[in-house]
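Enquirer: Residue numbers (my numbering), protein chains in the order written: chain V, 1 to 214; chain W, 1 to 214.
I should point out that these hints are in silico values taken from the structure, not numbers from a laboratory. Since we're looking at a predicted model, the values are computed, not measured. Take these hints with a grain of salt, some might be off.
Given that identical chains are not distinguished, each listed pair holds provided it fits within a single copy or across any two copies.
Claimed, not checked - The calculated lysine to any residue pairs, modelled on SDA-like cross-linking and capped at a C-alpha distance of 25 Å, are: (1) 186 / 141; (2) 138 / 126; (3) 172 / 116; (4) 65 / 198; (5) 138 / 178; (6) 160 / 119; (7) 108 / 182; (8) 65 / 6; (9) 70 / 82; (10) 70 / 208; (11) 65 / 192.
Protein chains: 2
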Amino acid sequence: MYQYEFPHPAVTTDVVAFSVFDGDLRVLLIRRNEAPFKSDFALPGGFVRIDEDIQNAAHRVLNEKTPLEKIYIEQLYTFGNPERDPRERVISVVYMAIVPFYQILDIKELWQNVNHLPELAFDHNSIIMLAQQRLRSKLRYSTIAFGFLPQTFTLTEIQKTYEVVLGESLEKRNFRKQIMARNILKSTGEYSQGGAHRPALLYKLLDDDTLQYW
Amino acid sequence: MYQYEFPHPAVTTDVVAFSVFDGDLRVLLIRRNEAPFKSDFALPGGFVRIDEDIQNAAHRVLNEKTPLEKIYIEQLYTFGNPERDPRERVISVVYMAIVPFYQILDIKELWQNVNHLPELAFDHNSIIMLAQQRLRSKLRYSTIAFGFLPQTFTLTEIQKTYEVVLGESLEKRNFRKQIMARNILKSTGEYSQGGAHRPALLYKLLDDDTLQYW
DNA sequence: ACAAAAGTGTTGCAAGTACACCCATGC
DNA sequence: GCATGGGTGTACTTGCAACACTTTTGT
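Build the full structure now, drawing on both the sequences and the hints.
Expert: This is the structure in structure tokens:
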């Protein structure tokens with residue numbers, strides 16, 4: 001055992017939890033009630049316990065802020081600049097989470113538009129920028145965007161999600177062709193209800209496992 | 001200060017150092033001289049010091065094994081499964097390094113072909129597989145492959161490097177068209193010397209900063 | 001002169017982009 | 001019947017894939 005030969009850094013996890021609702025890409029922030037950066041907004045985070053898997057820690061930390069059942073979570077990057085926390089050396093393993101909008105009930109006000117964030121505590125602004133880049137680039141080749149949607153959805157809902165995340169509008173016909181060509185969707189045979197106009201076919205992911213949940 | 005409220009995990013860094021020479025993609029391994037996994041091969045690694053940037057730690061650890069001046073290094077992933085080290089909880093921030101072949105002098109025997117590795121200590125086999133995937137996918141959109149080459153090189157040398165990393169042969173004309181279309185090279189006007197046949201034009205990267213060195 | 005690597009152009013195909021119209025429903 | 005979003009087909013352009021021959025040098 002070499003556990004006490006020299007001091008170890010603290011290991012924390014911070015979570016960049018994204019969701020798409022009300023027409024914006026949003027991120028979950030909490031308000032700090034301690035120094036440093038007291039009363040500033042920050043990413044939810046916490047210590048990784050000594051026998052806890054890091055990803056489980058990220059999931060736990062997120063659940064402490066808001067009860068979320070099915071969310072996709074993946075590791076983003078590890079930040080360890082010795083100056084990033086003025087108190088002591090903190091190494092933070094940051095995760096990115098994708099939260100379906102229908103799970104956001106009580107605490108909508110904590111979800112802020114990614115494109116209009118205030119100054120956040122620590123290096124959290126740059127962390128979120130990195131996460132946003134990663135999210136955007138994963139849209140092309142992964143099914144990560146479906147993590148924002150319920151289990152069944154219309155093609156227009158997917159397109160809107162892509163548009164909000166990418167920050168640009170997409171051609172309807174080309175988008176549909178591309179998404180269908182990927183062979184990841186199947187029709188449910190059902191139609192959307194309650195819309196003011198023509199109902200849309202509802203689709204779902206071909207494999208339930210296409211998205212990993214934790 | 002919350003430094004001693006509870007035990008912190010140990011934080012280490014391991015480095016997957018790649019190089020391309022003698023026709024293979026190779027990785028730097030060391031032989032462990034302590035339990036566990038005594039006398040097995042393993043990735044070079046070591047503790048992150050309490051005031052040391054993680055990336056600097058990775059660079060230092062690598063230099064302890066073999067003196068390397070200009071290498072490209074980037075963070076790969078952080079492994080923190082509580083069972084991965086039988087002694088105590090260890091969280092390892094793993095980096096990937098790209099080492100030019102001309103810097104490998106004395107210790108060639110420690111660089112092993114990635115495609116014929118023995119059983120390594122800890123989870124190091126799977127770490128290297130992940131690094132190899134990342135390296136391959138970065139060939140498309142980055143200049144990372146030039147980290148294997150000297151400052152000037154021929155088009156055939158680049159192509160050979162790509163082929164070795166990807167594990168497949170590439171069409172000469174298409175490769176050249178694509179690499180030139182990326183506008184990242186400029187001719188030096190010089191020609192390769194000493195080849196048994198027609199000399200080839202030497203190129204270099206347009207921006208010296210296209211590759212970040214540390 | 002010949003062996004070996006350097007170097008170059010064109011054609012076919014697939015994927016992406018741009019664009020215009022009909023359909024089903026609620027009001 | 002009209003406004004609104006759902007849904008489809010086609011032409012153009014661009015990038016990728018496949019393929020054969022000429023050039024320059026050392027021996």
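Enquirer: Hints the structure violates: just list their numbers, smallest first.
Expert: When the structure is compared with the hints, numbers 3, 4, 6, 7 and 11 turn out to be violated.
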